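What follows is each chain in one-letter form.
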Amino acid sequence: MTESLSILVIDDNAIRASIIEAGLREAGHASVRVITDIEDVAQRIGEIAPDVVIIDLENPNRDVLEHFFALSRTIKRPIAMFVDKSDPAEIEAAVDAGVSAYVVDGLRKDRIKPILDMAIVRFRAFSRLRDELEAARSELQGRKVIDKAKGILMTSRGLSEDAAYALLRTTAMNQNRKIVEIAQAVVTAAELLGP
Amino acid sequence: MGLTQISAGYVPLLDSAVLLAAEEFGFAESEGLHLNLVRETSWANIRDRVAIGHLDVAHMLGPMPLSANLGLTPLDAAVIAPMALGLGGAAITMSNAIWDKMAEAGAPEDGAPGPVGAALRKVIADRARSGEPHLRLAVVHPESAHNYALRYWLAASGIDPDRDVDIVIVPPPLQADALAAKRTDGFCVGEPFGSVAVARGVGRIVTTKGQIWQMSPDKVLGTRLQWAERFPEQLAALLRAATRAARWCEDPANHMALAAMLAREDRLGIDADLILRAVTGKLQFEPGVERFMPDFFVPYSRAANFPWVSHALWFYSQMVRWGQVAHKPQNAQKAAASYRPDLYRAALSGMGMPVPGASSKIEGALREPTEVGAIGGHLTLGPDGFFDGTDFDPDTLDAYIAAQRGS
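Those protein sequence lines, which keep their order, are chains A and B.
Residue 1 is where the first sequence starts when you use full-length UniProt numbering, and the numbers rise one by one after that.
Residue 1 is where the second sequence starts when you use full-length UniProt numbering, and the numbers rise one by one after that.
Chain A on its own, in the form it takes in the complex:
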């Protein structure tokens, strides 16, 4: 390994930023800084003097950063988006994953590629994790609605818990809908008709 690179990660999602940081450290990069607040970038970029900047594409300040990288007097060499024109698939993968690398002028391609590849993998993993979390959350929410609907049916129709659940399930099957949708309808109806 030649002289080590100074890498800056700009991401307002602190968890994702730390996942990227860990990946970079595992890959042997010792000089990694993370900034979550855009205001800090202007103040600290001179001191950090990054060779590579990793940014999440949903960051609303991307235009600000690009302008800053191109012009700032505190940066010795201009920084521009890394694009390997011989590898359009990688460009697409990066945008797809929601991450982009910016590099100082003149930095060799083979030193950046592994960093961007790692960032792509970790961004994807993070999105998957977030999707799973979202799914788990909505499943939990669904279970709560079903419990509530069961309770309503038990009191209003004098059913046992099993019978209430069976009623929800048969209705769902007959109407070709999800149990949680039927349960939600029961809850809504009870709210509208209730005391």
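Read the hints as simulated data drawn from the structure, not as lab findings.
On a predicted model such as this, the values are computed, not experimentally measured, just so you know.
Beta carbons: idealized from backbone N, C-alpha and C, even for Gly.
Worth double-checking, as some hints may not be accurate.
Quick list of the computed label-pair ranges, beta carbon to beta carbon [stated by the list, open to error]:
no.: 1; chain 1: A; residue 1: Leu71; chain 2: B; residue 2: Ala399; range: 23 to 31 Å
no.: 2; chain 1: B; residue 1: Ser349; chain 2: A; residue 2: Asn13; range: 48 to 56 Å
no.: 3; chain 1: B; residue 1: Thr390; chain 2: A; residue 2: Asp40; range: 39 to 47 Å
no.: 4; chain 1: A; residue 1: Thr170; chain 2: B; residue 2: Arg230; range: 48 to 56 Å
no.: 5; chain 1: A; residue 1: Glu92; chain 2: B; residue 2: Leu3; range: 24 to 32 Å
no.: 6; chain 1: A; residue 1: Asp37; chain 2: B; residue 2: Gly323; range: 42 to 50 Å
no.: 7; chain 1: A; residue 1: Thr170; chain 2: B; residue 2: Pro232; range: 52 to 60 Å
no.: 8; chain 1: A; residue 1: Thr170; chain 2: B; residue 2: Gly201; range: 54 to 62 Å
no.: 9; chain 1: A; residue 1: Leu71; chain 2: B; residue 2: Gly201; range: 29 to 37 Å
no.: 10; chain 1: A; residue 1: Glu191; chain 2: B; residue 2: Ser349; range: 37 to 45 Å
no.: 11; chain 1: B; residue 1: Ala78; chain 2: A; residue 2: Ser4; range: 34 to 42 Å
no.: 12; chain 1: B; residue 1: His327; chain 2: A; residue 2: Pro88; range: 27 to 35 Å
no.: 13; chain 1: A; residue 1: Glu161; chain 2: B; residue 2: Glu233; range: 53 to 61 Å
no.: 14; chain 1: A; residue 1: Glu191; chain 2: B; residue 2: Ala260; range: 22 to 30 Å
When the alpha-carbon atoms are kept at most 27 Å apart in a straight line, the in silico DSSO-like pairs for lysine-lysine are as follows [unchecked claim]:
no.: 15; chain 1: B; residue 1: Lys101; chain 2: B; residue 2: Lys282
no.: 16; chain 1: B; residue 1: Lys334; chain 2: A; residue 2: Lys85
no.: 17; chain 1: A; residue 1: Lys85; chain 2: B; residue 2: Lys122
no.: 18; chain 1: A; residue 1: Lys85; chain 2: A; residue 2: Lys109
no.: 19; chain 1: A; residue 1: Lys178; chain 2: A; residue 2: Lys144
no.: 20; chain 1: B; residue 1: Lys182; chain 2: B; residue 2: Lys122
Given chain A, work out where chain B should sit, using these hints.
Showing chain B alone in chain A's frame:
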């Protein structure tokens, strides 16, 4: 029957209205299209996602296709503008503190760019004398109609945009916050974000882009040249749908419905009342004082959807003026070819909507609204003057560029 899917990116601003209305109010569907509208948080995302083909078309800054074709963007995909998304639509807002000083220095309340600029010049000279830092003025992107309008106004007012002030970039939705936090002293941006700053009591609109240059271009519908060539019928259908949507947007009977749609959390997420100010032209430069500017934002009439080559070349002249690109005949050629009035004209033919027969005009030649002959009927164009009385004749581009260099 399936609709043809088109993915369309936009940045939450007033002039995304035409594109959004095309989908929301059924104009796309009647052309057999479904627009998958994708809200983006930055112009860089629009640029990259159009370049790699995630987006088929997008609401773009007017100079953006030029940037792509002149090699100012990281990915080199040819981008064209086959349609414009409206005229005017932007304002210059200053912090209350700076406005107070400008008013003391004689700035009129009506936004007249000449005297307002003269007052700003005095304020800047006073600051320089007392050793205060440069004013920080924000725009949304270096290659934007807003940056060029702001710089044009400053330069014509005797203020050097590169030496006398600092011009910085701030995303539109964050402009009012930056002003409130005193990170900036003013900004030039598309509505509704000037009105947002006024309503929050953090700034005052001092002039508008449409006063600096009447009927000035702003955003365009942009697409990759490759996509346009591969799907010419889809593009033509989209241009027709968007033009009908533009006509609908301009009709006062639809202003409430338009503002309500734009206000939605998944669109602009801004109060309908604030959006309505620019939609109806009933602006408030300061809270509670209504100022009727019927031509503030023109989404359809005055050939507002026509991608004039003279607009592209004016943007090019400003890119040269401010050092973003070198002036060479090939570059001017690339800039001119970025706007495609031929595609727009072909798509609109036979629709009963008049389209200009010429592709270029002398910007600033019309002092009054003027009726002109057009393909498919008559059109009213202009007024299209610059506030300092200068014209831009695209046929004498070299002389225009040289004159601005000398000034």
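Between the beta carbons of B:Ser349 and A:Asn13, is the distance compatible with 48 to 56 Å? 50 Å, holds
Within 24 to 32 Å: is that where the Cβ-Cβ distance between A:Glu92 and B:Leu3 falls? 26 Å, holds
Sort out whether A:Lys109 lies within 27 Å of A:Lys85, counting only the CA atoms. Judged against 27 Å, a Cα distance of about 11 Å means the pair holds.
Hint says 52 to 60 Å; check whether the CB-CB distance for A:Thr170 and B:Pro232 agrees. Given about 54 Å between the Cβ atoms, the range holds.
Range first: 39 to 47 Å. Now tell me if the beta carbons of B:Thr390 and A:Asp40 are that far apart. The hint (39 to 47 Å, Cβ to Cβ) holds, given that B:Thr390 and A:Asp40 are roughly 43 Å apart.
In this structure, is the beta-carbon distance linking A:Thr170 and B:Gly201 contained in 54 to 62 Å? About 59 Å separates the Cβ atoms of A:Thr170 and B:Gly201, which means 54 to 62 Å holds.
Is 53 to 61 Å respected by the C-beta to C-beta distance linking A:Glu161 and B:Glu233? Given a distance of about 59 Å, which is inside 53 to 61 Å, the answer is holds.
Is the distance from the Cβ of A:Asp37 to the Cβ of B:Gly323 consistent with 42 to 50 Å? The hint (42 to 50 Å, Cβ to Cβ) is violated, given that A:Asp37 and B:Gly323 are roughly 31 Å apart.
Given hint A:Lys85 paired with B:Lys334 - CA-CA distance at most 27 Å: Measuring from Cα to Cα gives roughly 21 Å; hence the hint holds.
Return holds or violated for the Cβ distance of A:Glu191 and B:Ser349 against the range 37 to 45 Å. 56 Å, violated
Measure nothing beyond the straight line between the CA atoms of A:Lys178 and A:Lys144; if it is 27 Å or shorter, mark the hint as holding. 15 Å, holds
Are B:Lys182 and B:Lys122 close enough, with their CA atoms no more than 27 Å apart? Holds: B:Lys182 and B:Lys122 sit about 21 Å apart, inside 27 Å.
Of the numbered hints stated above, those contradicted by the structure are hints 6, 10 and 17, listed in ascending order.
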